[in-house]
Amino acid sequence: MIKANANLEKSQASQLGATLKRMDETLSEWVSIKRTFSSVSKLATVLADTLGYDRSLFLAKPHPKKPLNHGKHRLLINKYAGQLIPGMPKVTYEVLERQLKENQRQLSMIEDAYKAGLRRTSIGQSETSSNGPQASFFYEFEQTCLVLQKILQHPNTGLEIIEGELYDAAPIVGDIVLISQAQSCKPFLDWQSGKGNLARKLLSADNAE
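Quick note: the sequence shown, position 79, residue 79 per the numbering used here, numbers continuous.
If you are wondering where the hints come from, they were derived from the structure by calculation, not from laboratory data. Hints may be right or wrong, so weigh each one.
As the list claims (entries may be wrong) - In silico lysine to aspartate or glutamate, DMTMM-like type, Cα no more than 25 Å apart, as pairs:
hint	residue 1	residue 2
1	Lys61	Glu165
2	Lys79	Glu142
3	Lys72	Glu25
4	Lys34	Asp49
5	Lys42	Asp24
6	Lys79	Glu140
7	Lys61	Glu25
8	Lys72	Asp24
9	Lys10	Glu29
10	Lys72	Asp49
11	Lys79	Asp168
12	Lys72	Glu29
13	Lys186	Asp168
14	Lys42	Asp54
What the hints assert, rightly or not - Have a look at the derived ranges for each label pair, beta carbon to beta carbon:
hint	residue 1	residue 2	range
15	Lys150	Gln181	19 to 25 Å
16	Leu146	Lys21	44 to 50 Å
17	Leu189	Ala13	34 to 40 Å
18	Leu146	Ser11	48 to 54 Å
19	Lys21	His70	17 to 23 Å
20	Ile162	Ser11	26 to 32 Å
21	Ser39	Gln15	24 to 30 Å
22	Thr26	Ile161	34 to 40 Å
23	Gly17	Arg55	16 to 22 Å
24	Ser11	Tyr139	57 to 63 Å
25	Ser39	Gln153	20 to 26 Å
26	Gln183	Gly17	19 to 25 Å
All C-beta atoms, glycine included, are put in the ideal place defined by N, C-alpha and C.
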């Protein structure tokens, strides 16, 4: 059984390698003759027709819940997209890294704000002296979460929460990219699920006054 699985994996790896080689040769030739396409979708469609595959194979993006080979074809298309699709932005990894660091910084600010709020609740101040500032803090925290939720829901961002972690699931080049780990995302996810309802309670109490 083990040998059979090994042979199957070897065969699949060989097939993948052969397909990627054909893709690379074809895309490279199109670059050399200055052939152009209107979009990644159109490029994938023509490439699929040329090589005899279903276009979905070339459009599928890498995903942490899928096999490692999933999305390999799309990565190769991304490699040539900037040369075959006029107007397709050529973004360097350095630019992407700066963007990711900025996203991570913003998520870290949310996490720090959340922790600061929890520390305030444990100090044991009187309700009269602490409720106002806490309500104000949690109101700001909730507004930040609402903005982040809208960003995640926007169809053009490509940002996605996967198993508690924030990913850029549609980068301009390369594989999906981890932006923030689960620990940093937890305050927002708690708020989104209703577990972090302290902010809501404080807001309600503040509004009641």
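*Is the Cα-Cα distance between Lys72 and Asp24 25 Å or less?*
At roughly 12 Å apart (the allowed maximum being 25 Å), Asp24 and Lys72 satisfy the hint.
*C-beta pair Thr26, Ile161: status relative to the range 34 to 40 Å that was hinted*: With a Cβ separation near 36 Å, Thr26 and Ile161 satisfy 34 to 40 Å, so the hint holds.
*asked:* Just to be careful, I want the Cα atoms of Lys61 and Glu165 compared with a cutoff of 25 Å; is the pair within it?
replied: Roughly 17 Å separates the two Cα atoms, so the pair holds.
*asked:* Next pair to validate is Lys10 with Glu29; report whether the Cα-Cα distance is within 25 Å.
replied: With Cα atoms ~29 Å apart, Lys10 and Glu29 exceed 25 Å; violated.
*Take the C-alpha atoms of Lys34 and Asp49, compute the straight-line distance between them, and say whether it is at most 25 Å.*
Distance of about 19 Å is within 25 Å: holds.
_Please check whether Ser39 and Gln153 have a Cβ separation lying inside 20 to 26 Å._
holds (24 Å)
*Between Ile162 and Ser11, does the beta-carbon spacing fit 26 to 32 Å?*
Holds, since Ile162 and Ser11 (Cβ atoms, about 30 Å apart) stay within the stated range.
*Could you tell me whether the CB distance from Leu146 to Ser11 stays inside 48 to 54 Å?*
Check passed, 50 Å falls within 48 to 54 Å.
*Consistency of beta-carbon spacing, Gln181 to Lys150, with hint 19 to 25 Å*: holds (22 Å)
*If you draw a straight line from the CA of Lys79 to the CA of Glu142, is it 25 Å or shorter?*
violated (40 Å)
*Per the hint of 34 to 40 Å, is the separation of the Cβ atoms of Leu189 and Ala13 within bounds?*
About 37 Å separates the Cβ atoms of Leu189 and Ala13, which means 34 to 40 Å holds.
*Compare the distance between the alpha carbons of Lys186 and Asp168 with 25 Å, and conclude whether the hinted pair is satisfied.*
holds (17 Å)
In this structure, the hints that do not hold are numbers 2, 6, 9 and 26, in rising order.
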